[in-house]
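Given next are the chains, with one letter for each unit.
There are 4 protein chains.
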Amino acid sequence: MARRIRQAPGGTLLLHNNYGKSRVRMVKVSRKGRVHTVREFTVDVALTGDFDDIHTRGDNRKCLPTDTMKNTVHALGKKHPITSIESFAMRLAEHFHSSNRHVERARVSIQETAWERLNSRGKPHPHCFIRGGEERQTCRVLHAHEGPYISGGIESLTILKSTDSAFSGFMRDQYTTLKATRDRIFATSLNAEWNYLSDPERPARIDFGACRSAIRGALIQTFADHKSESVQHTLHAMGEAALRTCKAIHSIHISMPNKHCLLVDLSPFGMTNPNEVFVPTDEPHGLIEATIVR
Amino acid sequence: MARRIRQAPGGTLLLHNNYGKSRVRMVKVSRKGRVHTVREFTVDVALTGDFDDIHTRGDNRKCLPTDTMKNTVHALGKKHPITSIESFAMRLAEHFHSSNRHVERARVSIQETAWERLNSRGKPHPHCFIRGGEERQTCRVLHAHEGPYISGGIESLTILKSTDSAFSGFMRDQYTTLKATRDRIFATSLNAEWNYLSDPERPARIDFGACRSAIRGALIQTFADHKSESVQHTLHAMGEAALRTCKAIHSIHISMPNKHCLLVDLSPFGMTNPNEVFVPTDEPHGLIEATIVR
Amino acid sequence: MARRIRQAPGGTLLLHNNYGKSRVRMVKVSRKGRVHTVREFTVDVALTGDFDDIHTRGDNRKCLPTDTMKNTVHALGKKHPITSIESFAMRLAEHFHSSNRHVERARVSIQETAWERLNSRGKPHPHCFIRGGEERQTCRVLHAHEGPYISGGIESLTILKSTDSAFSGFMRDQYTTLKATRDRIFATSLNAEWNYLSDPERPARIDFGACRSAIRGALIQTFADHKSESVQHTLHAMGEAALRTCKAIHSIHISMPNKHCLLVDLSPFGMTNPNEVFVPTDEPHGLIEATIVR
Amino acid sequence: MARRIRQAPGGTLLLHNNYGKSRVRMVKVSRKGRVHTVREFTVDVALTGDFDDIHTRGDNRKCLPTDTMKNTVHALGKKHPITSIESFAMRLAEHFHSSNRHVERARVSIQETAWERLNSRGKPHPHCFIRGGEERQTCRVLHAHEGPYISGGIESLTILKSTDSAFSGFMRDQYTTLKATRDRIFATSLNAEWNYLSDPERPARIDFGACRSAIRGALIQTFADHKSESVQHTLHAMGEAALRTCKAIHSIHISMPNKHCLLVDLSPFGMTNPNEVFVPTDEPHGLIEATIVR
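Protein chains in written order, with numbering that gives the first Met the number 0: chain A, 0 to 293; chain B, 0 to 293; chain C, 0 to 293; chain D, 0 to 293.
There's no promise every hint is true.
DSS-like cross-link-like pairs, simulated, lysine-lysine; straight-line CA separation at most 27 Å [to be verified]:
{"hint": "1", "chain 1": "C", "residue 1": "K61", "chain 2": "B", "residue 2": "K31"}
{"hint": "2", "chain 1": "C", "residue 1": "K226", "chain 2": "C", "residue 2": "K178"}
{"hint": "3", "chain 1": "A", "residue 1": "K258", "chain 2": "B", "residue 2": "K178"}
{"hint": "4", "chain 1": "D", "residue 1": "K61", "chain 2": "C", "residue 2": "K226"}
{"hint": "5", "chain 1": "B", "residue 1": "K27", "chain 2": "C", "residue 2": "K178"}
{"hint": "6", "chain 1": "B", "residue 1": "K226", "chain 2": "C", "residue 2": "K258"}
{"hint": "7", "chain 1": "D", "residue 1": "K178", "chain 2": "C", "residue 2": "K77"}
{"hint": "8", "chain 1": "B", "residue 1": "K258", "chain 2": "C", "residue 2": "K77"}
{"hint": "9", "chain 1": "B", "residue 1": "K61", "chain 2": "A", "residue 2": "K27"}
{"hint": "10", "chain 1": "B", "residue 1": "K27", "chain 2": "A", "residue 2": "K226"}
{"hint": "11", "chain 1": "B", "residue 1": "K178", "chain 2": "A", "residue 2": "K78"}
{"hint": "12", "chain 1": "C", "residue 1": "K61", "chain 2": "D", "residue 2": "K61"}
Per label pair, the in silico range of CB-to-CB distance [to be verified]:
{"hint": "13", "chain 1": "A", "residue 1": "D206", "chain 2": "D", "residue 2": "R30", "range": "37 to 45 Å"}
{"hint": "14", "chain 1": "B", "residue 1": "R22", "chain 2": "D", "residue 2": "H144", "range": "24 to 32 Å"}
{"hint": "15", "chain 1": "B", "residue 1": "H249", "chain 2": "A", "residue 2": "D172", "range": "40 to 48 Å"}
{"hint": "16", "chain 1": "D", "residue 1": "D49", "chain 2": "C", "residue 2": "K122", "range": "34 to 42 Å"}
{"hint": "17", "chain 1": "B", "residue 1": "H15", "chain 2": "D", "residue 2": "K31", "range": "37 to 45 Å"}
Calculated directly from the structure, the hints in this document are not laboratory data. Glycine included, each C-beta is placed from N, C-alpha and C at the ideal position.
Full structure from sequences and hints, please.
Structure, rendered in structure tokens:
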């Protein structure tokens with residue numbers, strides 16, 4: 000049931016619009032006796048629907064404040080067990096979609112920051128945690144009339160292999176100066192997003208945590224073991240491994256910057272540098288992206 | 000002419016891929032006698048095409064190194080007059096598209112950072128410049144078989160109005176606590192992107208600089224003058240004004256965070272606060288987005 | 000009157016301590032009829048004094064909460080005219096110092112972000128503002144028994160000159176590969192801090208705004224006009240100019256990164272590059288610092 | 000042997016100056032058979048000495064280029080085993096100090112970013128690594144005529160405890176609104192720097208790695224176990240524990256922001272919130288600092 004696009008008074012069309020609240024942060028502490036668990040989330044909510052009058056007439060009667068979205072994240076965050084970020088995102092998206100008839104699509108994205116339990120004198124500490132790295136666990140749920148679309152993901156997982164990476168036999172033109180190499184450092188900050196097979200009847204049946212763990216493991220293990228001829232070559236193998244390991248997903252999109260480590264030329268100082276000393280650089284960087292589907 | 004998608008050995012499909020170099024930086028100094036001009040650019044290049052063998056076989060024969068893309072930006076940056084970032088992006092995209100038969104689409108994005116000429120003793124200084132704010136002038140060119148798609152844009156233009164902004168009469172549900180207001184601060188960091196009408200015969204005829212200047216002016220002036228009932232309301236008026244002022248564009252997408260300035264409650268100290276003292280916040284923030292077309 | 004340092008039970012000494020609230024943000028809107036003025040501040044407060052029992056015994060009786068410091072910034076921010084950040088910092092520092100007998104030193108730092116009034120149809124707009132660049136106006140006030148120490152400053156003023164900068168005749172050792180040049184780009188992000196002559200009787204007599212304006216102008220003008228033999232050479236001339244232009248200060252500390260712009264080697268492509276195309280880099284960077292006194 | 004400060008022609012004095020190269024990055028790969036080790040460093044070099052003529056006359060004869068410092072870091076980085084960042088910093092500082100007679104003090108700071116070896120199928124992978132968190136291992140060495148001063152440190156170690164933290168019984172004034180609490184989240188991003196006892200004869204005898212490990216462990220363990228009455232109270236206990244655990248240091252400076260997690264008020268929605276749902280905030284934040292000595 001597509002919404003009819005109305006022409007605005009000025010002769011223009013409001014082709015698309017969405018609005019919501021971004022970067023709603025929440026820490027949730029759960030307790031089992033003396034043992035606490037701490038999780039930290041950042042939630043983005045965006046709604047699409049019949050909001051034309053808000054734009055064209057300044058009529059806010061269909062405008063649920065973004066402040067209310069923030070409150071809703073906190074209130075449902077208290078009620079919901081949050082066994083997975085995907086299930087919490089589904090609950091939130093369903094809430095925004097079902098409680099407002101003029102909302103056509105509700106999109107909820109969640110980013111989780113890891114807090115690792117402290118190991119203290121050989122035992123897990125009941126209530127002390129150390130923040131993990133830049134890596135974020137992510138998900139996106141789009142709730143529309145035809146049921147939810149669910150994706151999981153990883154952002155900024157920074158990994159490096161110090162060998163088993165080559166780049167040679169490439170195309171050359173008049174601006175090519177790069178030398179081929181059979182051994183280089185391969186460093187990247189992995190971003191991946193995978194889409195779950197849609198089964199509107201029972202999305203809750205998917206074990207999102209197990210899928211995430213298997214996919215993350217397959218991506219890293221393949222990166223580590225692959226005899227890489229290029230970033231593309233390894234990225235593709237990683238995507239295939241993810242699809243192989245988790246039958247519940249039908250596609251995966253991977254984006255990998257090539258965080259170049261440049262070999263330092265020590266020859267002016269009468270020294271050789273057999274792949275020992277490198278300068279890591281942030282910019283420019285290669286950027287390789289692909290979507291692999293079943 | 001769509002490329003046939005081939006099935007990879009593993010039973011998966013490489014649905015989409017692109018690769019390129021991101022954040023290629025360049026400063027260009029031009030000279031007219033003693034008077035210098037300095038411009039700073041950051042360029043992203045991304046190619047899409049028949050790169051399947053790179054991914055699936057580790058065969059790099061069709062892989063132009065991203066290092067070559069960087070070199071090309073610098074070499075063509077020297078040759079090209081860069082009268083506008085759009086014309087330079089067109090030149091680069093055309094180069095990558097035309098010189099490699101297996102490239103189906105070449106996308107070039109450029110971001111320009113302003114360097115403002117120093118005013119020195121009432122006169123423009125010939126060679127000293129002060130860096131402008133966070134605002135960036137941007138463009139994107141997509142070069143494909145059917146001709147270029149060209150868009151211009153602005154990122155991170157941070158503007159604030161201290162009155163003529165209200166938010167009232169909005170929807171309420173069980174999680175709504177926000178109070179209506181007829182007078183508040185409205186602060187945002189504007190991102191906009193407009194699409195030029197495509198005329199493959201003569202894209203170069205567009206005066207991109209004049210369009211940019213007119214659109215930017217219309218966006219800011221409308222923000223300043225609008226009696227705002229909501230971010231959506233003002234965003235829409237801004238988009239309409241942009242379309243009105245520049246006939247060469249057919250649509251504009253605007254994304255505006257609501258960078259909330261919260262009124263401080265001074266009543267615990269026996270003081271009133273008639274819209275004088277606010278706390279600006281970065282997160283959470285509202286995010287309002289719309290695309291308006293002719 | 001120095002505080003006696005007491006030995007803690009564990010045989011250690013608490014040599015020094017300070018505590019406070021950092022990054023207290025505030026926007027203040029002032030009104031003259033229809034014309035508004037908007038200013039944005041970030042305030043840091045730090046107190047030093049007899050706080051040993053807080054540390055060693057967990058006794059908080061002398062601990063004014065940092066939350067109270069935040070409230071104080073907002074409450075005094077409402078009451079105070081804030082004609083200059085220095086005068087507001089003095090007021091705050093004096094408040095914290097005088098109202099708590101066990102506070103030996105109160106340090107208040109303020110950073111101001113510029114909001115420039117929009118020029119609209121040739122006239123200043125009454126209530127619309129555009130955020131300026133990364134440059135910040137800063138000050139620090141230290142309030143102690145013997146009277147206030149006041150400094151002003153500038154942070155992150157990014158300036159560039161495209162000629163009149165050389166670096167030659169320098170020392171060489173076995174690790175030197177740099178080539179001398181008589182013409183290069185000189186780009187920096189200036190940080191400066193100047194100290195006002197202390198006159199405990201009447202610090203308020205100083206016209207901080209006029210001093211700041213004169214010093215900032217002298218720093219930029221000297222950077223622009225100097226025939227630079229090195230960053231050091233120009234930094235020193237800038238510091239001397241600042242001391243010359245403002246008799247109310249007795250010293251200035253300047254810190255200037257050398258934000259290298261590397262000339263691109265286009266010779267592999269059969270092209271020359273007579274100081275036209277450069278790659279700006281963020282790291283590594285030179286860092287030159289000096290304190291110049293009367 | 001202090002350098003005589005000379006008056007500059009303009010009647011000013013160059014009281015202090017230093018110059019150097021900052022953010023020199025280096026990745027070093029070491030190999031034992033098939034097993035690689037990867038370490039990443041960022042080095043800052045700063046020299047103080049008789050550099051007046053560079054500033055006042057534009058005479059560069061005593062100016063070793065900062066580019067040479069960068070080269071030196073890479074060349075010595077190749078030669079040196081880098082068993083600890085402290086020993087490498089000592090080597091670098093000694094080099095700059097001893098090879099240039101007019102250098103009075105050479106200061107070298109190193110920051111190390113962790114790369115953790117991948118655990119792959121239950122075994123350590125020979126050449127694949129995952130980047131650790133924001134935590135950095137740091138050191139500073141100051142080499143002067145009278146021997147080196149050596150400090151080690153930690154930056155941005157982000158830790159959180161979800162109970163055993165109170166803040167009550169504090170001072171109140173007219174601007175105090177904070178409520179006392181006997182149970183709150185305590186989150187911080189620890190920065191610490193400790194100073195080694197100087198023994199110019201044999202600094203190399205210190206086992207810097209063992210000291211670092213013991214100090215880091217004592218800081219975290221104390222944070223975890225302490226019954227905290229305030230950030231100050233816990234910080235002090237942490238400093239004492241560090242001094243107790245490592246006899247080779249004579250003092251430690253700790254700086255701890257109080258990264259407030261605010262309890263969400265769910266009462267408007269008819270819900271209680273017994274320390275379950277919090278909003279983590281970045282600003283403003285408390286900042287507590289102390290130096291504890293033997």
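Do the hints match the structure? See the list:
Of the pairs offered as hints, the one joining K61(C) and K31(B) is violated, with about 67 Å between alpha carbons and a cut-off of 27 Å exceeded. Between K226(C) and K178(C) the CA atoms are separated by roughly 19 Å; this keeps the pair inside 27 Å, and the hint holds. Only pairs whose Cα atoms come within 27 Å are accepted, and K258(A) paired with K178(B) is rejected, the gap being roughly 48 Å. For the hint pairing K61(D) with K226(C), the CA-to-CA distance comes to about 19 Å; that is within 27 Å, so the pair holds.
Restraint check for K27(B) and K178(C): the C-alpha separation of about 21 Å stays at or below 27 Å, so the hint holds. Between K226(B) and K258(C) the alpha-carbon distance is near 44 Å, which puts this suggested pair outside the 27 Å criterion. Distance check on the hinted pair: K178(D) and K77(C) sit about 23 Å apart at the alpha-carbon level, within 27 Å; holds. Straight-line distance between C-alpha atoms of K258(B) and K77(C) comes to about 21 Å, which keeps the hinted pair within the 27 Å bound.
The straight-line distance between the Cα atoms of K61(B) and K27(A) is roughly 50 Å, outside the 27 Å bound, and the hint therefore fails. Distance check on the hinted pair: K27(B) and K226(A) sit about 40 Å apart at the alpha-carbon level, beyond 27 Å; violated. Our distance criterion of 27 Å between C-alpha atoms is met by K178(B) and K78(A), whose separation comes to about 25 Å. Pair hint K61(C) plus K61(D) does not hold up; C-alpha atoms about 53 Å apart against a cutoff of 27 Å.
Taken as a hint, the range 37 to 45 Å holds for the pair D206(A) and R30(D), whose Cβ atoms sit roughly 41 Å apart. Checked against the given bound of 24 to 32 Å, the beta carbons of R22(B) and H144(D), roughly 45 Å apart, lie outside it. About 35 Å separates the C-beta atoms of H249(B) and D172(A), a value inconsistent with the hinted range of 40 to 48 Å. At about 57 Å, the beta-carbon gap between D49(D) and K122(C) misses the expected band of 34 to 42 Å.
For the pair H15(B) and K31(D), the supplied restraint of 37 to 45 Å holds, since their beta-carbon distance comes to about 42 Å.
The structure is inconsistent with the numbered hints 1, 3, 6, 9, 10, 12, 14, 15, 16, although it conforms to all the rest.
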